[in-house]
Amino acid sequence: MHATRNPLSVNSHGANRRIVICAAWALLPISFLIALSFGTISVPFSNTIGSLIDTFSGHDSSSRSDLVIQQIRLPRALLAGFVGALLGICGATTQGLFRNPLADPSLIGVTAGASAGAALTIFFAGSLTTLSGFSGLSLVSLGAFIGGSLAVIIVYRLATNTHGTSVATMLLAGIAITALAGSLTNILEFFGDEEMLRRISLWRMGGLDGASYQRVAIVAVFSLVILAILPRFSTSLNALLLGESEARHLGLSVQSIKIKLVLLVAAGVGVCVALAGTIAFVGLIIPHMIRLLIGPDHRYLLPTSAVGGAVLLLLSDTIARTIVSPIELPVGLVTAILGAPFFISLLRHRHEFGMR
Amino acid sequence: MKHLIDIQNVTVMAKPSRRNNAHSCLLNTVSCHVDAGEVLVIIGPNGAGKSTLLNAIAGDNQFSGCIEINGLENEPKLRARQIAVLPQLSLLNFPYRVAEVVGLARIPHNTGRRRDNEIVQEALALMDIGFLSDRLYTELSGGEKQRVQLARVLAQIWQKEDAPNGTRVLLLDEPTAALDLGHQRLLMQAIRKLASHGVAVVMVLHDVNLAARYADKALALLCSERLAFGRIDEVINKENLKSLFEVEVEIIQHPLHKSPVVIGL
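First to last, the sequence lines map onto chains X and W.
Be aware that the first sequence starts at 1, since it is given in the working numbering, and climbs by one per residue.
Be aware that the second sequence starts at 1, since it is given in the working numbering, and climbs by one per residue.
To be clear, the hints were calculated from the coordinates, so they are not data collected in a lab.
All C-beta atoms in this analysis are idealised placements derived from N, C-alpha and C, irrespective of residue type, glycine included.
A couple of the hints might just be wrong.
Said to hold, decoys possible - Restricting the straight-line Cα-Cα distance to at most 25 Å, the calculated cross-link-like pairs of lysine to any residue (SDA-like) are:
{"hint": "1", "chain 1": "W", "residue 1": "Lys145", "chain 2": "X", "residue 2": "Ser245"}
{"hint": "2", "chain 1": "X", "residue 1": "Lys260", "chain 2": "W", "residue 2": "Lys160"}
{"hint": "3", "chain 1": "X", "residue 1": "Lys260", "chain 2": "W", "residue 2": "Lys77"}
{"hint": "4", "chain 1": "X", "residue 1": "Lys260", "chain 2": "W", "residue 2": "Leu194"}
{"hint": "5", "chain 1": "W", "residue 1": "Lys77", "chain 2": "W", "residue 2": "Leu194"}
{"hint": "6", "chain 1": "W", "residue 1": "Lys145", "chain 2": "X", "residue 2": "Lys260"}
{"hint": "7", "chain 1": "W", "residue 1": "Lys145", "chain 2": "X", "residue 2": "Leu264"}
{"hint": "8", "chain 1": "W", "residue 1": "Lys15", "chain 2": "X", "residue 2": "Thr169"}
{"hint": "9", "chain 1": "W", "residue 1": "Lys15", "chain 2": "X", "residue 2": "Thr235"}
{"hint": "10", "chain 1": "W", "residue 1": "Lys145", "chain 2": "X", "residue 2": "Asn100"}
{"hint": "11", "chain 1": "X", "residue 1": "Lys260", "chain 2": "W", "residue 2": "Asn61"}
{"hint": "12", "chain 1": "W", "residue 1": "Lys77", "chain 2": "X", "residue 2": "Ser245"}
{"hint": "13", "chain 1": "W", "residue 1": "Lys77", "chain 2": "X", "residue 2": "Leu102"}
{"hint": "14", "chain 1": "X", "residue 1": "Lys260", "chain 2": "W", "residue 2": "Asn74"}
{"hint": "15", "chain 1": "W", "residue 1": "Lys145", "chain 2": "X", "residue 2": "Leu292"}
{"hint": "16", "chain 1": "W", "residue 1": "Lys15", "chain 2": "X", "residue 2": "Leu292"}
{"hint": "17", "chain 1": "W", "residue 1": "Lys15", "chain 2": "X", "residue 2": "Ser253"}
{"hint": "18", "chain 1": "X", "residue 1": "Lys260", "chain 2": "W", "residue 2": "Leu92"}
{"hint": "19", "chain 1": "W", "residue 1": "Lys160", "chain 2": "X", "residue 2": "Leu292"}
{"hint": "20", "chain 1": "W", "residue 1": "Lys145", "chain 2": "X", "residue 2": "Arg99"}
{"hint": "21", "chain 1": "W", "residue 1": "Lys77", "chain 2": "X", "residue 2": "Leu292"}
{"hint": "22", "chain 1": "W", "residue 1": "Lys145", "chain 2": "X", "residue 2": "Ile259"}
{"hint": "23", "chain 1": "X", "residue 1": "Lys260", "chain 2": "W", "residue 2": "Asp60"}
{"hint": "24", "chain 1": "W", "residue 1": "Lys77", "chain 2": "X", "residue 2": "Arg99"}
{"hint": "25", "chain 1": "X", "residue 1": "Lys260", "chain 2": "X", "residue 2": "Ile49"}
What the hints assert, rightly or not - A short list of chain X residues far from chain W (calculated; beta carbon distances all over 10 Å):
{"hint": "26", "residue": "Ile41"}
{"hint": "27", "residue": "Ile49"}
{"hint": "28", "residue": "Asp54"}
{"hint": "29", "residue": "Phe56"}
{"hint": "30", "residue": "Ser65"}
{"hint": "31", "residue": "Leu142"}
{"hint": "32", "residue": "Ser149"}
{"hint": "33", "residue": "Thr235"}
{"hint": "34", "residue": "Leu242"}
{"hint": "35", "residue": "Leu250"}
{"hint": "36", "residue": "Leu252"}
{"hint": "37", "residue": "Leu263"}
{"hint": "38", "residue": "Asp297"}
{"hint": "39", "residue": "Ser325"}
{"hint": "40", "residue": "Ile327"}
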């Protein structure tokens with residue numbers, strides 16, 4: 001007698017989820033086109049599509065708008081898309097791993113470590129960075145990546161003993177390392193000259209203005225690998241939400257899964273911070289928002305968070321470039337200004353929308 | 001005949017910490033055994049080592065001695081089809097729907113989505129929470145959450161044919177703690193039914209009357225040591241309960257089931 005259930009209700013949940021996922025995917029090409037079309041000079045959508053086709057079919061085009069799109073906006077939009085996707089999916093993974101819907105990739109120390117690494121590079125090699133041989137991956141980016149990786153290694157070591165890795169300890173160690181790296185950056189800012197101060201603080205706010213095809217290539221390689229591997233852990237993350245011993249009782253090798261996830265997240269966030277500075281908010285809010293809409297099942301949450309992150313960063317960067325043109329705002333400022341009110345309204349009205 | 005679960009001289013030491021240098025014992029040379037189709041309850045005062053023993057059987061903490069489970073697989077995924085564990089506390093605070101939580105139990109199985117959904121619905125119905133199937137877990141009451149977790153654990157070892165070698169073990173830590181009288185009964189009947197299909201059940205229980213009514217065997221633990229082990233009517237008697245809980249009780253016979261009934265004085 002209990003077996004008869006209302007089949008409609010299940011379908012409507014599934015349909016809801018499908019609508020949200022489809023909407024996110026539909027927004028991706030739209031925001032990509034918007035990012036390509038708007039800027040100091042606006043290009044009509046039809047021309048944008050035309051010059052994209054030219055670019056990919058290898059036609060030589062000499063018009064000014066074509067050049068702007070090919071040389072400036074396309075690499076920048078690609079960088080924004082990849083960085084946004086990485087931040088989104090890494091955020092969703094971190095929240096699942098820490099069983100905390102408000103966890104953020106920066107909690108495990110990557111962001112602060114990378115900032116400190118970048119600040120150190122700016123401080124001690126300030127004059128060298130402009131001479132750097134790598135045009136794609138500048139010395140500052142390299143410093144940031146090393147700083148971020150070091151921070152994660154230290155945090156991970158602190159949280160691991162013979163009994164395994166304690167996620168709670170890792171969170172606390174992450175906070176400690178973040179504070180340490182943050183104060184190191186502050187000390188450097190304090191002793192640095194005006195120019196260093198400006199570069200460090202601009203870098204901390206995050207920006208995509210260094211976009212080039214070399215950077216796009218680097219971030220694309222990382223993104224494709226991480227975006228391909230992380231969704232394979234969906235089921236494991238689903239089980240981990242129950243608790244670690246529960247996940248173990250469901251037949252998962254929890255310790256090795258944790259190590260792999262931490263490494264993947266560190267690499268993903270590390271490369272983002274290295275190439276685009278610290279972009280706040282995307283990794284925290286996007287997964288949280290998507291979860292409110294479609295629930296915590298990582299099979300849907302991970303890919304949708306990646307798409308959502310890409311959309312948010314593409315739109316934010318377009319606004320950052322255009323709103324006080326010709327001056328560019330740091331994109332990190334815009335992500336926060338754009339995302340926060342939306343998130344607050346979601347939080348306030350979630351019961352009315354029947355969301356989770 | 002070989003027992004399904006054979007526990008011999010199991011000792012669990014506390015993790016050495018700076019505060020207590022003396023190596024304290026959480027469990028001291030405890031032995032017992034359970035056969036397929038039997039329900040063993042572990043009784044004893046708080047901190048006697050009941051959960052420690054259950055965790056040792058589940059493979060969660062290190063011990064010396066021997067715990068042998070007949071036909072148990074080594075590979076974690078196959079093993080998960082044989083042993084299901086209900087912990088004392090559930091920490092789930094993500095807004096899964098109830099059916100999704102129970103569905104997690106089917107992760108180790110390859111029975112296909114359709115069969116899995118059927119099992120989830122059957123398990124929900126068995127725990128009398130079919131009507132909660134689409135509700136959010138985070139919005140449920142404590143007792144309802146407990147029934148969802150129970151349904152999840154039951155769904156993990158639902159069919160004999162899924163378990164390698166037919167070995168099925170159910171480990172429950174205080175499963176009735178948050179349940180009302182009616183659902184306590186419902187749960188114990190479900191457990192009896194599962195046992196009748198060859199599952200070995202080990203559970204920590206505080207309600208001695210519930211234990212006396214539904215369990216086959218009892219293990220009484222006191223201060224990390226075994227006080228008594230045997231048939232339920234051998235273990236639940238005046239003297240044992242006096243030493244376990246320091247209460248004076250009278251034992252009478254249940255008028256219908258002939259099982260012992262404990263009356264506090």
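Structure-based check of all given hints:
1. W:Lys145 with X:Ser245: Roughly 18 Å between the alpha carbons, so the hint for Lys145 (chain W) and Ser245 (chain X) holds.
2. X:Lys260 with W:Lys160: 34 Å, violated
3. X:Lys260 with W:Lys77: 19 Å, holds
4. X:Lys260 with W:Leu194: 38 Å, violated
5. W:Lys77 with W:Leu194: 22 Å, holds
6. W:Lys145 with X:Lys260: 31 Å, violated
7. W:Lys145 with X:Leu264: 33 Å, violated
8. W:Lys15 with X:Thr169: OK: Lys15 (chain W) and Thr169 (chain X) at ~17 Å, within 25 Å.
9. W:Lys15 with X:Thr235: Since the Cα atoms of Lys15 (chain W) and Thr235 (chain X) sit roughly 32 Å apart, the hinted pair is violated (cutoff 25 Å).
10. W:Lys145 with X:Asn100: 19 Å, holds
11. X:Lys260 with W:Asn61: Status holds; Cα separation ~24 Å.
12. W:Lys77 with X:Ser245: 14 Å, holds
13. W:Lys77 with X:Leu102: 31 Å, violated
14. X:Lys260 with W:Asn74: 23 Å, holds
15. W:Lys145 with X:Leu292: The hint holds at about 20 Å.
16. W:Lys15 with X:Leu292: 40 Å, violated
17. W:Lys15 with X:Ser253: 22 Å, holds
18. X:Lys260 with W:Leu92: The given pair, whose Cα atoms are some 23 Å apart, holds under the 25 Å limit.
19. W:Lys160 with X:Leu292: Since the Cα atoms of Lys160 (chain W) and Leu292 (chain X) sit roughly 38 Å apart, the hinted pair is violated (cutoff 25 Å).
20. W:Lys145 with X:Arg99: 18 Å, holds
21. W:Lys77 with X:Leu292: 31 Å, violated
22. W:Lys145 with X:Ile259: Not OK: Lys145 (chain W) and Ile259 (chain X) at ~31 Å, beyond 25 Å, violated.
23. X:Lys260 with W:Asp60: 22 Å, holds
24. W:Lys77 with X:Arg99: 22 Å, holds
25. X:Lys260 with X:Ile49: Violated - the C-alpha atoms of Ile49 (chain X) and Lys260 (chain X) are around 40 Å apart, more than 25 Å.
26. Ile41: Given that every Cβ of chain W is farther than 10 Å from that of Ile41 (chain X), nearest at about 46 Å, it holds.
27. Ile49: Non-interface label stands for Ile49 (chain X): nearest chain W Cβ at 40 Å, farther than 10 Å.
28. Asp54: It holds; Asp54 (chain X) is separated from chain W by about 46 Å at its closest Cβ, greater than 10 Å.
29. Phe56: Holds: least Cβ distance 39 Å, greater than 10 Å.
30. Ser65: Nearest chain W Cβ is 47 Å from Ser65 (chain X), so the label holds.
31. Leu142: 38 Å, holds
32. Ser149: At roughly 29 Å from the nearest Cβ of chain W, Ser149 (chain X) sits farther out than 10 Å, so the non-interface label holds.
33. Thr235: Violated: least Cβ distance 6 Å, not greater than 10 Å.
34. Leu242: 5 Å, violated
35. Leu250: Non-interface label fails for Leu250 (chain X): nearest chain W Cβ at 5 Å, not farther than 10 Å.
36. Leu252: 7 Å, violated
37. Leu263: 21 Å, holds
38. Asp297: 6 Å, violated
39. Ser325: Since the minimum Cβ distance to chain W is about 42 Å, Ser325 (chain X) lies beyond 10 Å and the statement holds.
40. Ile327: 42 Å, holds
Hints 2, 4, 6, 7, 9, 13, 16, 19, 21, 22, 25, 33, 34, 35, 36 and 38, counting from the list given before, are not met by this structure.
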